[in-house]
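Chemist: One letter stands for each residue in the lines below.
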Amino acid sequence: MTARRDLIARTVLYLILIAGLLVVVGPFLWMLLSSFKPEGEIRSVPPTWWPSHWTLVHYRDLFARLDFPRYFANSAIVAVLVTVGNLLFCSLLGYALAKLNFPGRKALFLIVLGMLMVPGMVLFVPQFVLVSNLGLANSYAGLVLPFLAGPFGVFLMRQFLLSIPDDLIEAARVDGAGEWRIFWRIVLPLCRPALATLGILTFLASWNNFLWPLVVATTDDKYTLPVALALYSIGQNRIYFGLLLAGAVVVVLPVLIVFLVLQRQFLRGIATTGLK
Amino acid sequence: MRQRFVAAAACAALALSVAAGCGRDSSGGSETAKAVGEGKASGEITVWAMGTEGEKLAEFAKGFTAENPDAKVTVTAVPWEAAHQKIASAIAAKQTPDVSMIGTTMQGEFAKTGALDPTPTDLFQKSAFFPGAWDTTVVDGTSFGVPWYVETRGIYYRTDLAAKAGFPDGPKTWDDLTAMTKAMQTKAGAKWGINLQPPNKTGSWQSLLPFAWSNGADIAAGGKYTFDTPEMTEALQYYQSFFTQKVAPPSLPAGSMEPAFVKGEVGAFISGPWHVGILNDQGGKDFTVAPMPTGKSSTSFIGGSNIAVFKDAKNRDAAWKFLAWLSKPDVQVKWYQTVSDLPAVQSAWTDPALTGDKILKVFGEQLKSAKAPPPYPTWEQVSAVLDTEIEKVCSGREEPAAALKAVQQQADAIGTGV
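Quick note, the sequences are listed as chains Y and G, same order.
For the first sequence, the residue numbers in full-length UniProt numbering are 1 to 276.
For the second sequence, the residue numbers in full-length UniProt numbering are 1 to 418.
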């Protein structure tokens, strides 16, 4: 009886998972396949899954009209710097807030919490005015600096660091390790799962960021991929779906590859933290 | 949503900086334009342009630098989708270029911030442009910038279906349009007689206003919005009738109207010149364009884009000279041949490049009388209200008269912003 019930439960579980998978992967597959269809077929009703005429014209258009390497490099430079900055600064501040005793710690934490409540959009224009008054408009510094640390990352790291036993840190201190050494050698390696999460989230947010690079970059050689894509695929009165889809594939693929490759690392990081 | 929010935040910041008088003279009254120096243009001119225009203008401007060897035109392409935010933020942070393309519906708002330079009257002749297009540059009596290119709306219809429906020459009057679209369903086998701008989409006011204007309505008079008029009500009733009589589909999914039109399932729709290219891409044939059907007149909507110089321009004189060059009839024709933008300068339309095309002729004729919405800074807000009410009327949830009262009330509350 139980074996049979198990089988039914398992089947139901798989069916739900498969349905979920289709919902998640379906649009992506459609995007990929449609990027090879001629413009007319993309919008045909009823829609087709498999292209009836394969064409590379959208990709050819994309690479001919877009200075792709430049936009890709801009996107990559900004996303990598922002991610590295977040990992470093958020874990430093998170560590201080979670494990160090200093006057004003509570107040500082409250400020961080308060910043979490402020919607980023409200800060958008003041931030841009600030950046341009500093003379950083249209520079990589202007694209990267405002995002090097964020309240969300600090909060995430602090909450995670709270779960690391104080004993571990005190033992290191008794053994004669300095604060820097404790942070670098003991605390950070233990934080790998939190760092992985933060890394993924910041990288994606930066990679997909549209408004800030659009406004800060006053000449198009500083545009990032999403901005460049919007530039060429969306006209005043019409949208070039083929170009848009081909561009979306090209924007998504690098991220997808990075995460497929790194996925094992992340998983190992999560699996081994409990054993140390 | 997010983008709307930023736009709102940017506007708020703009309003604040204007209210606080951050060094800008935003004297609402008519400003006087300074004259532009004589001689050839020199120095770098920075230009922001959207979409295809942004992509092609740099190369095109070589014609200008050939005539003015000391000048250099640097073009930055800006995505249409976010142009409003980019310009609004740039004005707030004083990071504006010398010249920018300005969508006609954004004109009022940006002119009101005091960031745009009044058009020098010694360089530009009002009468050279289509009157409706010129009106879009005028805010509170002063013109800021010049029309660059224009577009207007007409009735696209299937000639084969129209012939079967008994209107081989297309609809001429409001009654014709009703009769033709109905007969397309009953006699010619079309599923829908006409597709009117999906009511759940923003911008349906652009389809309604041609009917209102053709019926003699004026949506702004005496310094205020006037939606609650008999002419306007009649136009909205007429617009609604296509939905209540099931001649127009309640709503088609985005992008599915064109294939349906090509297949003959939809008999007609209202749109601008760009749809010729889309239909040709999809293998459309047997279609043509008729002017807006006549009520008291045949008056369509004029859109397109203006181009303006900022007050903070580093190279003001050269910037205006560049605009003067762009407004030359022969340059306007060449620009049409480069990106298919219809000339805003009337005399450009006598060129064979434009007179040869049958559909273009219809649009060209329509442009002479086409009107633009009032260039009030609050127009974007008010048109959003209008869109919402049109949707209610078309789905049958509200009577036209009540809807227009509601629009009027909210428009009065918002004010013109001048």
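These are calculated hints, taken from the structure and not from any lab test.
All figures in this text were calculated on a predicted structure; none of them were measured in a lab.
Just to be clear, a hint being listed does not mean it is correct.
Distance windows between CB atoms, simulated [claimed, not checked]:
#, chain 1, residue 1, chain 2, residue 2, range
1, Y, Y14, G, E59, 31 to 39 Å
2, G, A35, Y, R60, 30 to 38 Å
3, Y, L123, G, G223, 50 to 58 Å
4, G, T186, Y, F63, 44 to 52 Å
5, Y, W30, G, G39, 53 to 61 Å
6, G, E59, Y, F28, 31 to 39 Å
7, Y, W30, G, P131, 44 to 52 Å
8, Y, P51, G, G166, 51 to 59 Å
9, G, G255, Y, P254, 26 to 34 Å
Derived coverage of chain Y by chain G (criterion: at least 3 residues anywhere in the stretch with Cβ under 8 Å from a Cβ of chain G; other residues may be distant) [as the list claims (entries may be wrong)]:
#, stretch
10, 123-130
11, 209-222
12, 228-234
Heads up, the beta-carbon is just placed ideally off N, CA and C, and yes, glycines get one too.
Chemist: Does each hint fit the structure? Answer for all of them.
Modeler: Hints versus structure:
1. Y:Y14 with G:E59: 31 to 39 Å: violated (57 Å)
2. G:A35 with Y:R60: 30 to 38 Å: Given about 49 Å between the Cβ atoms, the range is violated.
3. Y:L123 with G:G223: 50 to 58 Å: violated (37 Å)
4. G:T186 with Y:F63: 44 to 52 Å: At 50 Å between Cβs, range holds.
5. Y:W30 with G:G39: 53 to 61 Å: holds (58 Å)
6. G:E59 with Y:F28: 31 to 39 Å: Taking Cβ atoms as reference, E59 of chain G and F28 of chain Y lie about 36 Å apart, which means the hint holds.
7. Y:W30 with G:P131: 44 to 52 Å: Cβ of W30 of chain Y to Cβ of P131 of chain G: about 47 Å, so the range 44 to 52 Å holds.
8. Y:P51 with G:G166: 51 to 59 Å: violated (41 Å)
9. G:G255 with Y:P254: 26 to 34 Å: Check passed, 28 Å falls within 26 to 34 Å.
10. 123-130: holds (count 5)
11. 209-222: Holds: 7 residues of the stretch 209-222 of chain Y have a Cβ under 8 Å from chain G.
12. 228-234: holds (count 4)
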